[in-house]
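Novice: Residue strings, one per chain:
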Amino acid sequence: MLYCALALVAWAPAHADDYADVSKLAKAGKVVEALNKTNEYLSKHPTDPQMRFMKGVLLTEQNKSDEAIAVFTKLTEDYKDLPEPYNNLAVLYAANGQYDKARAALEKAIRTNPSYQTAYENLGDIYGKMASQAYDKALALGSSTAAPAKSKLTMLRTFSTSTGGKIVGAETMVAQAPAPAAAPARPAAGTQPPLISQLPPQNAAQANAPQRIPALSVSPPPATAPKVAATVAPVPAPAPAAAKPLPAPVPAPAPAAVKVAAAPVPAPLPAPVKAAPAPAPAPVKVAAAPAPAPAPVVAPPPAKVEPPKPAKPEPEKVAAKPDTSERDAVIAQVNGWAKAWAAQNVDSYLGYYSQQFEPPKGVSRKAWADERRARIEGKGRIHVEIAAPEVKIDGNTARVTFRQTYESDRLSARSRKTLVMVKNGGKWQIKQEVSGN
Amino acid sequence: MSHLAFLRKWRAGSVLGVVLLSLMGGELSYAAKKPVRAQAARKANPEELLNDIYKDLASHDLGSAQRKADALVEAYPNFRLGHLIRGDILLMHTRPVTNLGAMAPPGAETRLADLRREAAVRLQAERPAPTLLPRALLQMRKDQKHALIVDAKHSRLYLYENTNDGPRLLQDFYVSQGKLGINKLKEGDMRTPVGVYYLIGRLPGVKLPDMYGKGALPLDYPNDWDKINGRSGSGIWVHGTPPETFSRPPLSTDGCVVVSNDDLNFLTRTVEIGKTPILIGDQVEFVSKEQLDKDLRQAAELVETWRRDVENRDDASLKSLYSARFKSAADEDINAWLDKNRYLPGAKKITVTVSDPSFFRQPSQEEVIVSNFTQQIVIGKFRHAVRKKQYWAKEGKNWKIVAESNVS
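Quick mapping for you: the protein sequence lines, in order, are chains A and B.
Every position in the first sequence, counted from 1, becomes a number in our numbering once 10 is added.
Every position in the second sequence, counted from 1, becomes a number in our numbering once 567 is added.
Mixed in with the good hints, there may be bad ones.
Unchecked claim - Example chain A residues on the side facing chain B (calculated, C-beta under 8 Å, incomplete):
id	residue
1	Leu133
2	Gly134
3	Tyr137
4	Gly138
5	Met140
6	Tyr145
7	Ala148
8	Leu149
9	Ala150
10	Leu151
11	Arg420
12	Ser422
13	Ala423
14	Lys427
Quick caveat, the hints were computed from the structure, so don't treat them as lab data.
Think of the CB as a built atom: it goes at the ideal place given N, C-alpha and C, for glycine as much as any other residue.
Okay, chain A solo, but in the shape it has when bound:
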């Protein structure tokens, strides 16, 4: 498994030979030689993420967990949007019994790709549903099974943030960081990322080895490992159920990403359409995940409309305009909405939605409201944070785009959200709610 992963890592055409050599060595069990070769290569190309990644894997093989942690940590710092290094860090931390750190790393891994979050939450709901049926049987309740409430699963409306993690990540960075210094720094870095964002699709496409990262865990190696390692290590290795039913989640067509890297601005458009199948989380066999698949087709247009290239100046401009009162009113409504949500005050929360509100998935407003109520009241706690709101007002319509940080006892997720609001009787209310860009 490990070598499989290594082999897959070694895709980059320019250095194909080097990667092939290393993976061949590793495959033959010559870990030391492989490591030497890796170091040799890195002395010439110190930033090469593929080789650094490989080095981390090889160090792990050799039980040099501290060094491996250092390598992967540095990778996560340099490439915040790559899930793999986070995941490997988690494996290493878990092997050391540092579960808090492992958990944090895994949550970051998931956060690199918002569609994971949705899939994860959807899966959680499926499991929750099944669990409640099981409890009903256990306790002979028979009651709640009667109404198999329509799924609360979240449909992915757009996929902008889900596949080309790299691109979007970069974009949001720009949008959100008004500091002019940050902007110039990005483009420079922007030359490297594509390399890595390829890594997952390549893996997934090349061989049926969706296990690329957990594969690493196979290595926390021979019996010598201490007790903790012995118990922890086996965990990720088998990943049996998931392996088959979850088809490679990241088949983001490689070319698209490359294009994007070359021309960062217009890229998002083609990407969504092509990668349509990508975000489908297809959570287990269970419900055959009816929800997410078709989603992307619908949503992209509205999102596309406004994000102009350099977002930074925007807020200033808006602020400069005299009509801040409307803008303030809109933002106050958004904040109130978030507050009601976080307070799990569903009545108040629903009050922020206009009568014209268009529930997603074409469901009725009643069904949507019930679903929201179930979803919000069902949580132990909810925390919602709104950051960097951008407001665009056009007569009685406003469009607010912001970064939303959502945390519940089950999940924390960060995403971009757009609320389309209308003014009814002097009051701004939500007409449409779109996740992603």
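Guided by the hints, dock chain B onto chain A, whose structure is given.
Specialist: For chain B alone, coordinates are given in the frame of chain A:
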């Protein structure tokens, strides 16, 4: 989506420790050491599956635990505890579960508490080390092929086989007992009696109401000692479960001992009516062979003293072996009882032998030894044999006969 798979496993692992600890206390290591039983072709025992599931969880293998839980409820669709644990395992894929049935909906707290107790009892089930023997089975009669011991404290029934090398544990079962526990005193007190009893019948399920399941094995409660103590009530049976549930909570019966229908069928085929003893108590101990032999010698010595006194016609000494509380089944006092049992009172030279004895120790705080034996008296060419049952109870430092009857 490999991350998800990994995450799920990882979370489950971290949380499981907690569940296990809260459930099993110190039993975890014991469970781990337990030898893996051969998975024969027979239908997997649900309790073994349960244990396997918990072992999987302890070793952070949520996937395997899930598969086993799925299989468990498929094989035993009425095993409510199985459904409960499966519910927990489903949730563990995405969130911490800190307690058995932690996320179960409100409104069924009593049932949930019952299932938790059942889980605790089942997971803590003890199987004694092979070298240890039940202290209650001092000596079985040669033709008694089996004996049952009910450990009320642990809701466990042990089935022993009588071999030439002593008792051998064949199997053990989860049982339910009276709602208010043990020490039955009177009719309707919802308690299970404590004592040494025999299975005295087989009632097929088809002739019984649904609640008895596949059948019943009645006990001879109240026995002589119970009667002397004024304990009343009747109809204490070992029986099965109604069709809608695989098992019942640990404390849920009106005094009967309830096992699953599968177990009842097995027991029904195994036991011998009128011969197989069933010892019920809350102090079931497992001791070394040496300890058991010592206890047996002591018990045999009691009966031997009694035999000598009968043979020597030493009435004063004989009478001193009987308790002041003694009463016969016909409510006679000691003098009347001894008079009645004096064979050919005029004869001077008699020989008394005791054969085919069995000795059972009541598995309770109260120390009682029940001995069955054949007493043969030979006077010249006259012979007289009678099967006797004696209840010896410890009074202070001495053992006294508190009840005695002749078994026809």
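Novice: Return the status of the interface hint for Ala150(A): holds when the least beta-carbon distance to chain B is below 8 Å, violated otherwise.
Specialist: Ala150(A) check passes; min Cβ-Cβ to chain B is 7 Å, inside 8 Å.
Novice: Go through the hint on Gly134(A) and say holds or violated, using the shortest Cβ distance to chain B against 8 Å.
Specialist: 4 Å, holds
Novice: Holds or violated: is the Cβ of Tyr137(A) closer than 8 Å to a Cβ in chain B?
Specialist: Where the cut-off is 8 Å and the nearest Cβ of chain B is about 5 Å from Tyr137(A), the hint holds.
Novice: Please check whether Ala148(A) passes as an interface residue: C-beta within 8 Å of a C-beta belonging to chain B.
Specialist: This hint holds: Ala148(A) lies near chain B, its Cβ roughly 4 Å from the closest one there, short of 8 Å.
Novice: Taking the closest Cβ pair, is Tyr145(A) under 8 Å from chain B?
Specialist: Hint holds; Tyr145(A) Cβ to chain B Cβ min 4 Å, cut 8 Å.
Novice: Was the hint right that Leu133(A) lines chain B, CB cutoff 8 Å?
Specialist: Interface hint status for Leu133(A): holds (6 Å vs cutoff 8 Å).
Novice: Would you check whether Leu149(A) satisfies its interface hint, that is, whether its CB is within less than 8 Å of any CB in chain B?
Specialist: With a closest approach of 4 Å, the Leu149(A) hint holds.
Novice: Would you settle whether the hint for Leu151(A) is holds or violated, based on the nearest Cβ-Cβ distance to chain B being less than 8 Å?
Specialist: 6 Å, holds
Novice: Checking hints one by one. Is Arg420(A) an interface residue toward chain B, by the C-beta closer than 8 Å rule?
Specialist: 5 Å, holds
Novice: When the nearest CB of chain B is found for Ala423(A), is that gap smaller than 8 Å?
Specialist: For Ala423(A), the interface hint is violated, since the closest Cβ of chain B sits about 13 Å away, which is over 8 Å.
Novice: For the restraint on Lys427(A), tell me whether the closest CB of chain B is nearer than 8 Å.
Specialist: The hint is violated - Lys427(A) has no Cβ within 8 Å of chain B, the shortest such distance being about 23 Å.
Novice: Does the closest beta carbon of chain B sit nearer than 8 Å to the beta carbon of Met140(A)?
Specialist: 5 Å, holds
The structure is inconsistent with the numbered hints 12, 13, 14, although it conforms to all the rest.
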